[in-house]
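Using the sequences and the hints, build the whole thing.
Chains A and B supply the protein sequences, listed in that same order.
With the first letter of the first sequence counted as 1, position 93 gets the number 93 in the numbering used here; the numbers rise by one all the way through.
Here the numbering used here = 1-based position in the second sequence + 116.
Take the hints with a grain of salt, since some may be wrong.
[Stated by the list, open to error] To spell it out: a stretch of chain B is covered by chain A in this simulated footprint if at least three of its residues, at any positions, have a beta carbon under 8 Å from a beta carbon of chain A; those stretches are:
id, segment
1, 152–164
2, 217–224
[As the list claims (entries may be wrong)] Here are some, though not all, of the chain A residues that point toward chain B, as calculated from beta-carbon distances under 7 Å:
id, residue
3, 42
4, 43
5, 45
6, 108
Hints listed in this document are in silico derivations from the structure and should not be mistaken for laboratory results.
Ideal placement from N, C-alpha and C gives every residue a C-beta, glycine not left out.
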Amino acid sequence: GAGVSQSPRYKVAKRGQDVALRCDPISGHVSLFWYQQALGQGPEFLTYFQNEAQLDKSGLPSDRFFAERPEGSVSTLKIQRTQQEDSAVYLCASSLGGGPGANVLTFGAGSRLTVL
Amino acid sequence: AQSVTQLGSHVSVSEGALVLLRCNYSSSVPPYLFWYVQYPNQGLQLLLKYTTGATLVKGINGFEAEFKKSETSFHLTKPSAHMSDAAEYFCAVSEDGTASKLTFGTGTRLQVTL
Chain A
1 GAGVSQSPRY
11 KVAKRGQDVA
21 LRCDPISGHV
31 SLFWYQQALG
41 QGPEFLTYFQ
51 NEAQLDKSGL
61 PSDRFFAERP
71 EGSVSTLKIQ
81 RTQQEDSAVY
91 LCASSLGGGP
101 GANVLTFGAG
111 SRLTVL
Chain B
117 AQSVTQLGSH
127 VSVSEGALVL
137 LRCNYSSSVP
147 PYLFWYVQYP
157 NQGLQLLLKY
167 TTGATLVKGI
177 NGFEAEFKKS
187 ETSFHLTKPS
197 AHMSDAAEYF
207 CAVSEDGTAS
217 KLTFGTGTRL
227 QVTL
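Written out as structure tokens, the structure is:
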């Protein structure tokens, strides 16, 4: 597609529910990133994929967070047993990968999660 | 570890006035530096980037930034503000140019008044 598409745009969950957030990157983009943006803060790195391989998950805040990209295209970020502190905007970004010149991240509009 | 500090969470300028948004970074290796803009309910959009070479970088919408290694700064400027520039601006640093794992600052909200 023309841009990075994320769904749902808004999600309200009760504490303890599981949620799944979807990211459709730009076609052909090798690299895919997930960031978490809390209210009034800058985005913080969660995890990174190169094709289907999850190369870095150092930013995932707990084992309740899980991300996958099984076919190297669409990615899903899953949060189990949601807590109020999980409330944030979850941003997905993709890039061509490769050398520095190709590594401009294109961001989606984000999925805003509110946990009640 | 890398970090970014943006001085001033809110900046207000008059239309037509100079825009100056400050960014200082900390990095153990030569950094790659970026400025992104975020409009309400939209994703982050790249304004400009510094990787290597010329230290004065020009971006979209008339913005530019200068990499000053001695000051560890990468301030964003625009000679004349326009109402449409009102948005949130984020400075970011990457130490790994091949992976683009970015560390962002906390952002500066730019308000443009008549």
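Requested in this report: Tell me if chain A covers the segment 152–164 of chain B under the three-residue, 8 Å CB rule, please?
Outcome: holds (count 7)
Query - chain B contact restraint on residue 43/A - CB to CB distance below 7 Å - result: 5 Å, holds
**Report entry** Supplied contact hint for residue 42/A, tested at 7 Å Cβ to chain B
**Finding:** Since chain B brings a Cβ to about 3 Å from residue 42/A, closer than 7 Å, the hint holds.
Query raised in the report: For the segment 217–224 of chain B, does the count of residues with a C-beta closer than 8 Å to a C-beta of chain A reach 3?
Result: With 7 residues close enough to chain A, the hint holds.
Query raised in the report: Holds or violated: is the Cβ of residue 108/A closer than 7 Å to a Cβ in chain B?
Result: 5 Å, holds
Query raised in the report: Once the shortest beta carbon distance from residue 45/A to chain B is found, is it less than 7 Å?
Result: At 6 Å from the nearest chain B Cβ, residue 45/A passes the 7 Å test, so the hint holds.
In the structure shown, no violation is registered for any of the earlier numbered hints.
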